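Undergrad: Sequence:
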Amino acid sequence: MAKAFQICSLAIAALLAMGTVATAAEGQALFSGGAIGAALTIIGAGYGIGKIGSSALESMARQPEVAGNIQTAMIIAAALIEGATFFALIVCIIHGAPFPEVK
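If you read the sequence shown in the working numbering, its first letter stands for residue 495, the second for the next number, and so on.
Rather than coming from a laboratory, the hints here were simulated on the basis of the structure.
Keep in mind that this is a model prediction, so the values were computed, not measured.
Think of the CB as a built atom: it goes at the ideal place given N, C-alpha and C, for glycine as much as any other residue.
Hints may be right or wrong, so weigh each one.
Simulated restraints on C-beta separations [to be verified]:
1. L551 to V585: 29 to 35 Å
2. A496 to A533: 35 to 41 Å
3. M495 to S526: 26 to 32 Å
4. A561 to C502: 29 to 35 Å
5. C502 to I584: 23 to 29 Å
6. C502 to L574: 21 to 27 Å
7. I584 to A561: 33 to 39 Å
8. I536 to I570: 39 to 45 Å
Turn these sequences into a full structure, and let the hints steer you where they fit.
TA: Written as structure tokens, this is what we have:
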């Protein structure tokens with residue numbers, strides 16, 4: 495887990511270091527923030543839903559008699575994560591969309 499945290503920290507530091515270059519850029523480079531945000535959103539949602547699934551399967555293996563309740567709770571939690579993910583993706587798409595200039 496520590497190795498994954500180090501890799502993620504290094505990737506985030508690299509993205510932050512490139513932020514000043516993207517801020518000074520013109521044209522389509524200005525809209526790369528939306529793509530980066532969407533990518534991070536999808537990665538986080540995939541990780542979260544994966545953790546929910548693994549924990550639910552582990553719980554079902556330990557207590558098979560409550561598997562139905564655990565499965566229902568898992569589906570509800572995954573749906574809530576997907577809802578938040580879709581909202582974040584919409585925000586990223588709106589942020590990354592090139593708007594026409596008003597003169």
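Undergrad: Give a verdict on every hint.
TA: The hints, checked one at a time:
Between L551 and V585 the beta carbons are some 32 Å apart, a value that agrees with the proposed interval 29 to 35 Å. A C-beta distance of roughly 23 Å is found between A496 and A533, which places it outside the suggested range of 35 to 41 Å. Between M495 and S526 the beta carbons are some 29 Å apart, a value that agrees with the proposed interval 26 to 32 Å. Under the hint 29 to 35 Å, the C-beta atoms of A561 and C502, about 33 Å apart, fit the expected range.
At about 24 Å, the CB distance of C502 to I584 agrees with the hint of 23 to 29 Å. At about 23 Å, the beta-carbon gap between C502 and L574 stays in the expected band of 21 to 27 Å. For the pair I584 and A561, the beta carbons lie near 35 Å from each other, so the given range of 33 to 39 Å is met. Take I536 and I570: their Cβ atoms lie about 21 Å apart, and the range 39 to 45 Å is violated.
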